[in-house]
Amino acid sequence: MYGYSGKVLHVDLTNRKVRVERKPEEWYRIYIGGVAMATRLCWENIEVGCDPLSPGNPICIANGVFAGTPVPVGGKYGIASKSPLTGFIGDSLSGSWFTIALKRAGWDALVIHGASDDWVYLFIDDDRVEFRDASHLVGLGAYQTEEAIREELNDDQVRSAVIGPAGEKLVRMASVTNDSRQAGRTGHGAVWGSKKLKAVSVRGTQGVRVADPQELLQLCYDITQAAQGPHTQKYRILGTPANVLNLNRLGLLPTRNYQEGVFEKAELISGEYLHEHYHVKTIACAQCPIACEQMSRAKDGPYAGAMTGIDYEPLYAVSSNCGVGDLQAAIKTIDICDRGGMDAMSTGVTISWAMETFERGIFTKEDFKCSKYPDGFEPYFGNADAVVTLAEMIRDREGIGDLLAEGVKRASAQVDAEKGTETWKWAMHIKGLECPGYDARGLKTFALGLAVGTRGACHNRSAAYDPDIKGEVDRFSVDETRGELAKSTEEYAAVYDTLPLCKFIRRCFTGKADRAGAWPAIAKLINATTGWDFDYDAVDLIGVRAHAIKKAFNIREGWTRADDHLPWRWMHEPMTEGASAGHVVTEEELEYMKDLYYKAKGWTKEGLIPKEQLIELGMEDVAEEIGV
Amino acid sequence: MPKVVVEFYGTARHVTGQKEVPLELKEGSTFRDVVKTLAARYPALIGDVIKPSGDELQMPNMFNVNARRVVQDLDTQPEDGDRILLMFVTAGG
Ligand code: SF4
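Residue numbers (the working numbering), protein chains in the order written: chain A, 1 to 628; chain B, 1 to 93.
Just so you know, nobody snuck in bad clues.
Computed cross-link-like contacts, DSS-like style, restricted to lysine-lysine with a CA-CA straight-line distance of at most 30 Å: (1) B/LYS36 <-> A/LYS512; (2) B/LYS26 <-> A/LYS470; (3) A/LYS17 <-> A/LYS196.
Since the hints were derived computationally from the structure, they do not count as laboratory data.
Predicted model, so just to flag it, every value in this text is computed and none were measured.
Start from the sequences and build out the full structure, keeping to the hints where you can.
If you want it as structure tokens, here you go:
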């Protein structure tokens, strides 16, 4: 086989044993890599119905088919476990050197089972696996851990995926970090922490064999050239923070826990302002000619010296959504999250829920006692220091941070059970995953995409904002096209997440980002790498299959139609200001769109997958277990 | 004569240094005429924002009128008082 080694490494932390599994080529053709392969491995290796923080939940990491080759933005891997936030599939992506090292070490994928009694890290040295004591690394931040391991192993080419203090403390929104990039969302870091696994470090010294090196190099050369042009200008020059002003103008920028979609200080947190005042340099993941990561540093004031890469999603979550119009505070908060190893989006949205709960008088100053403020503090919207402090408290599970570390769904349920309140009405999550930075009341196709999303409220898995924002449909109303649009956009995104390729490359094949523009070019890349004979239809099937295995996983874990829902606020409280004021997604609209979507998918009215469909996709064993 | 305002976002703002520009259009002007006027007034837009031909927007830039609807056909006409947002298709992050 070209492009793959054909081998999956299984590591049992409980018994400290390893084994090698060989997969047939047909399996690779179906699951390819990234999130689809990682989810499939999770399907094969999980104890069905297990607690996500128990030994029965495996950590599954799958390289991309292009990792370690010259294919631009192909240095990515997928990671999957049952999510401690949602109880459904938690599938994330990260990029850069770690996955390249894993591939060069001769492994297509890695499955970590069981749990260790003591803190441990794995050192995968090509085909040799060492279980190493990690007790001295406990408490170290994510970047420090990567550095400490490199020093300990005396090799600066060793690449590590690690957790920070948040993962150690089972913060449910904890992430996994490698090469300063995060596999965020859905709480992978907590799964690692529950296994007392601090890091996986890899030294890979072998090559990656591809079928047609000459052809592949030529294809890559052309794409790399295009990646320097206008199709990626947004990402290269201002990065994704350029979204702030666009979304604000469209009335979609989450503000004060999604109470409004317009933030009066949007200019102060914009990509333009960031670029002018705090941008230090732009960096790239390994294997990427675009470079979108805007490294930014707080220059003065209480947060001087804080520095991290700023993307739109973490930015909105800790700034406008908390009423904070101060980029230096946002940089500090995101820096805390990145170093602490936790998802800044979920952190920000959980903090904004706490702020609203405080402003409504349900929490009081007393509830916010901590070592920094022994008498407590007042986390009203706009209090930048409160956001910074709460991020630290969540990371350390200190004081009320212990409650907030459970994520907004569990935190609100606990408060409501204790106090008889209804804070769940402003708990902004879907299936337990905190919402992204687009207000769905003004993007109705996207509202459907989010509601039915297999990993909850995720802007990366559903690309259904695209037809809304491009104006291909009326973003404020629903019609019979939305089911097909939600299906088509999520399967489109799943192709990129499975190869995986960073989606920012999508216009660089032919100038057009649609299937017709990208799939033939992607087929050529796959064929030159693997020697297969993929065409447009085969590329399209990648996304269909990826989505099918994720949905199947959820069904087996107990998903029902009622889980495809939206936060109460989006369904009952219209915004009062800006271009999206006055709209909600009603129950009738949502149920109507869900019917359309399930029909477009060829599922039953209850959202279950017919056996024949799964058999046609080559998933006979899945059909047997959950098909109807 | 219709008067409109073009608001610049993202790269358009970055390369021109302008937040918005008021335009007085000839009767019957289309959105394509707006592109041409912008290209003539701000040559820095040509390349990343406006195609080298000077009469078409470079993808993924678009015109959104009054934050309500996206212009799908450049040969249609803006109305007096329109605020035309020159922005990117928003994605990712
Ligand atoms: S465009 Fe950005 S996120 Fe995508 S691979 Fe490059 S640096 Fe990484």
